[in-house]
Amino acid sequence: MDKRRINGPEISVKPIEKKSTQPKNNKDDGIRKNNRSVDNIRPIFIKPNVIKKANGSAYYEAENIKIICGVYGPRSSKRSMVSDEGTIYCEFKFAPFSCNKRCGYIRNAQEREYSLIIQQAFLPAIRLNLYPKSSIDIYVTVLENDGTTACLAAAITCISIALTDAGIQMYDLVAAASATCIKGNICLDPDASEENDTNSKFMLSYMPSLKQVTHVLCTGKMEAEQSIEAIGICIDACNSIKTVMDHCLINSH
Amino acid sequence: MSATTVTPGKKLGSIQEYEVGPGTYMRNNYIYSSTVGDIYIIKDVNKKLPCISVVKDKEQSAIPEVDSIVTGKIIRVNPKMATLAIMVVGNKPCKDDFQGIIRVQDVRSTEKDKVQIYRSFRPGDIVRARVISLGDRHSYYLTTAENELGVIFAQSISGETMIPISWQQMICPKTKVMEYRKCAKPN
Amino acid sequence: MALISPSEKDFITKGIEADMRNDGRSRIAYRDFTIETGIVSQASGSCRLRLSKTDVLIGVKVEIGDIISNTTSDNNNEQEQDIVNNQNESDKGRIVCSVECSPSASRDFEGKGANDINNELSQIMNRVLNGPQGGIDLKSLCIIPGAQCWIIYVDVLVLDYDGNLLDTIFLATRAALQNTRIPKTEIQDIGNGQLEFDISDDIEDAEKIKGWEDVPVTVSLNKIGQKYIVDATAMEELCTDTKIIIAVNRNGEICAMQKSLYGSLNPSLLTEMIRTAKDIGKVLIKNLDTTLEHEQVMASRANNKKFGFFI
Amino acid sequence: MSETTEFQPYAILPGETISLDKYKNDKDVIKIGPGLLHEKQQVTAIKAGTLKNHNNQKWWIDSSQRRYVPSLNEHVIGKIIAKTQDYFRVDIGSAHSALLSTLAFEGATKRNKPNLEIGALVYARVSLANKDMEPELECISATTGKANGFGELKDGFLIKCSLGLCRSLLNPNTPILTALGEHFAFETAVGMNGRVWINTPDISNTILLSNAIKNSEFLSAKEIKQMVKELVKQSEDDMEL
Amino acid sequence: MPGETIRADKRTSSQIRPISSVLSSLNRADGSASFSFGNSSVLCSVYGPQEVKIKDELLDRATIDVNITPQIGIGSTTEKNMERIVREAFSDVIISSLHPRTSISITVQITQDDGSIISTIINAVSLALIDAGIPLHSTLLSVTCAILNGEIILDPTNEEMKDASSIHVFAFSNTSNDIVSSESTGVFTEEEYFKCSDICKLAVSSVLKFVHTAIERKLQKEQKN
Amino acid sequence: MAEVSNKDSFVLDANTFAKLHPKEFYRKFLTNNIRPDGRLLKKFRKTSINLNSIKSAEGSCVLKMGKTSVVCGIKAEVAEPRVDDPRKGYIVPNVELSPICSSLFKPGPPGELAQSISERIDKLFKQCKIIDLDKLCISEKNAVWVLYVDVICISYDGNIFDAALFSIISALKNLKLPEVTFIEEEGKVEASEEKTISLELLSTPLSATYVVFDKKYILADPNEEEENLSSTSLTFIYNEQHKLCGISKLGGIPLSKELIQDCTESAIERTDNLRQLLDSTMKNL
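Chains as they are written, first to last, in the working numbering: chain X, 530 to 782; chain L, 44 to 230; chain C, 8 to 318; chain F, 6 to 246; chain G, 11 to 235; chain E, 191 to 475.
Where hints are given, some of them may not hold.
Said to hold, decoys possible - As a list, the in silico EDC-like pairs of lysine to aspartate or glutamate whose alpha-carbon atoms are at most 20 Å apart:
#: 1; chain 1: C; residue 1: K99; chain 2: X; residue 2: D726
#: 2; chain 1: G; residue 1: K219; chain 2: F; residue 2: E21
#: 3; chain 1: C; residue 1: K119; chain 2: C; residue 2: E107
No lab work stands behind these hints: they were computed from the structure. Bear in mind that the values here come from a model prediction, so they are computed numbers and not experimental data.
When you get a sec, could you build the whole thing from the sequences and use the hints?
Given below as structure tokens:
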């Protein structure tokens, strides 16, 4: 019973889906159910400067993934240690209505882990020596989630735009792509249903012009060569995502 | 769309061609842009290479650096120091206030030890100061030991804006009451 | 964070560039380790592993729990809740790991720093071991589909620390799971579709966990300067700017991969790292199994008495 | 000092305006004291209490409260809570703790500084009191520069009471102190910040006196005399035991 | 008014429950008071002006913080909403510019809640502030009324509030007859709202008389000698 | 002593002056009846809504009111009803003012503002019949709908109560509940994919908020700066029959009856405009 909010009943459950009588037309000629091509990325729409009070902000939408991200800083950091280099603090949160199953208000272990991953993905990309004694606070809220790993990759791309919108100096934009392995093929940008079927998740964040991988995260059984192939595919995806990011930044400049 | 707008990470040239300017950085002898904006190449007569810089139009919040002039409001005064909320760095207002301290020995350059802090600053005064160091965890260290630095706006007890009549006195136009402040020389 | 002077850091980095390390090992050489299994009597399985000075004690406890436990079960720790949430089939058991770094091991494990590291390590273990890549046959852990199943609680205690903690933990976990025995369960059908089960408690017919051989081990590759090393000591870890953790199982498949720390690396180096990790992983698992068999033989010769704890 | 007249009606609530114009004779200026506020040509009460005036010139609201608000040249009793190189931090029961410079003692110089322990009681005068600054104390009198009573209060016993009682104790014609003085030998210091210090050679008397002072707040002069008589009788019986 | 409906507890529609209040009932607080309308009773204590935490410090005035604990259990969102109403109501009543960079903390314990609890709290806080000698521009007092099947009833009990069509809390000060604070919920029309505000103003003046006599009795007790 | 001309000895450019002396900056504008963002005193900000854009929620509304933007999402789940009223469903409104929308809010549990707004909206649902809770009943005593109504603030620029209430009402108005049947033996509820039923609202209360600046200027639909500078706020809640569902006057300065009356016309007009906006957006959905 959270005393600081309006509380509903103790336990509430999602109604179970009635197995729809007529079979879904999954004539699986293509590898993927929603017959997207193997290396197809959902069309990306990014709009910077959507939060007035934030130094920089960005809204990211790719069909059923909607993410909003705000960057505050560089501002005096309350955290204890004094350092001649700036620090990054990140908070990643799914909105209660974003996933199929309602998520709670307090951040669970996965959201805390994603916050840490985002922090590690951006540490090599931001010129922290220009912001001594200050902290850059990044807040991400996922409004609609269609594939948790795809959301993580989308969040990283969206944060790069928000950081640039905040005027924070960066060595390079950080683009990120997610992939999964369906029937032996590496498929890009998996949505929620594809992710439930296979257990393998792959996410890579990349600085396209400095050609540096800033973070890689993978679970699920894969051959070594297959994971190397996945890295290659994700890097090409990141390069094409970079063009979209450049286009968006230059237009709104 | 201006001539060439670049995004962070764009290779601009090698260090033989240009000098590194603001908004750019050098990595294994190539110059890259580090922000989104227009490229400006400024020919500098005494330097042999032109200096390249990338300027972002939307001014973002500046943070105080050493020797930058800041303006802020006094929030707390005690015999050892006056605490100031830095609201403007140079002439760019910053979105969140930073905290600065003017130690009693940095208030003025003459007779440093005979300074009485409540004859120099009062909470609510607007003060222009210079950053002398990044200071400790909470605040920057500032000084007003120059003529153009000090109180630029203060209200008397009756709430009127006071006018400086000397570098250490201000007068309230309505009640003609005189109060002591370390005033800045009006430009 | 423990501190290191710039000159020391430079010395180590230059050494590694020239393929020389302080303790004479090559860049991809592992320190040798000693193992003792079955040393904690109440646990269903246990193992203590010392990789030169890094010392880890694993206790595995097997308990019965209900499968869909989104109700507030008594020991409702968050980790278990998350594992349940993203495991949507209803006929699988689960593995719940929790790591505890005792502050006596190193100064970094004091205060708030400790539970960040604990969370990170537990999170990686849970993610790797739960799911098909974890090797263990979770279906075999299920007693009554949709209702009761075996839950394997893996509790890790870090006694001493000299770098490469995660690899030590995974090696020790694999040995401990090999040593674990699950009591036999008989299932009777008491009419109207209700199923009942009871556990026989004599040690003889408790079986091993199915699929313990496929449990992966992790290889942490630390990039220092432009080269990378394996099994870094504490000092070498302080000079690392990027660390890649790769979990490999005995037939060389990559089960998990994760980067940490603040640096970045170019793709060619990453692919080279993956290939080396695959080979090292296989070799590591092979000699872990040989040491376990060797210990088995030694134990049977000294009629099953185990001694030498804490020497 | 001529007696102060009480102005009917008896009690004033905050917000009530007080019409002083029928007292405003042309030549002198009306002074308003604590509890009143002069705003937009009318005087309103900001505290509850009885309106008092001193021959129609000085008006104030007499109210009693427990929290002390320092004002200039008031004598207070403080407790040392911290010591730094050149000043003591003294708790005087106000919002901010006061600063007592080590040089603000009679005959104190840079070299021989008074050594007061943390927790020591000190009787001092408020030398600086404004709402923007922490109050400052001095242990020398404003005029003579001598100590005359200021400085450390050694042993004795400190009691806390309401500001109204302390003000009445400092008023010479309150009966309690004179009544007790006839029977007991005691030394006392009264601070305007609601603290009274009592010191007698015999501990039981000190306790007896402090209770007497505390109970005297709501008693009339006659009842006080009666109470003191009983106390004296009771202390003599203890003597015989 | 002839033909007035008589309520469950025998009161007429424009009759307030018997008021009782005790001043400086706690000896450690700087100021304290208990106030009750019939069985709705509240105990309030005031500390201040005292030290303030650095993060809440205001450079030109005192920070006022209000803390309400319900009859049973710890405060939930209802108490938080009441805290905001009380703090905003007193923000201009207390002359906080006289004590900058300090905190005035008001703690309220609801001892029994039987309807119109916000008015009881506001009256108790006013008395406690007066007892603490905090400088006040005016004395703020409040009364609640409800519209029960078309008729305006004063100082409703919990039962009456349950089936009332709308509930109105009004607070007036003794310096001006304008509305200082008002909180109305339920469905009502504009005329009903203004009619309620007039009735409540009348009721508040009678509460003011009660407070006046209470203070007078306390002062007489003090000014004995 | 020399008499100094009282020209402002320090010439500050506009935005530094606004940062250092916000009150004087506003007075200079308000004296000639205009606000720094160009609006007249009684003008409300441009409002736009976008319905059912979030597929994972049963009902959703993205609302922009000037620079304040909120997202309201409704998730419907099934739970056992309370013992004392077995046919009544639950509605659980909550407003989240997370650190993403403004630097005013710190990470951690909701602050006073968020809690007080959630409480006021919850009381509104309890006291004026907006939804008939009996319509949320699936099968008496065993299963009822629970509507979790969550409002996430994206960008905070003042007047969050009006934005939150309008986004909740519009999300409720086009809520799509799946058709469900209660299965006796398993005690479970089964939802069919295709057919959805919508919920009709008994009344649609909407609010208009004003603040009083310097005791004489009444500003409609204040942004964040105007909220900080004024101490008194006045909120009217009107339903579609122009009956009042709530008035809340917070803050110190006493307001005369005339001042309150002169706000009510513009409040009625504002709430009607919002209803037209909602109907037209729903028509061309």
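Taking the hints in turn, this is what the structure says about them:
1. K99(C) <-> D726(X): holds, 16 Å
2. K219(G) <-> E21(F): holds, 13 Å
3. K119(C) <-> E107(C): Holds - the C-alpha atoms of E107(C) and K119(C) are around 13 Å apart, at most 20 Å.
Hint violations for this structure: none, all hints satisfied.
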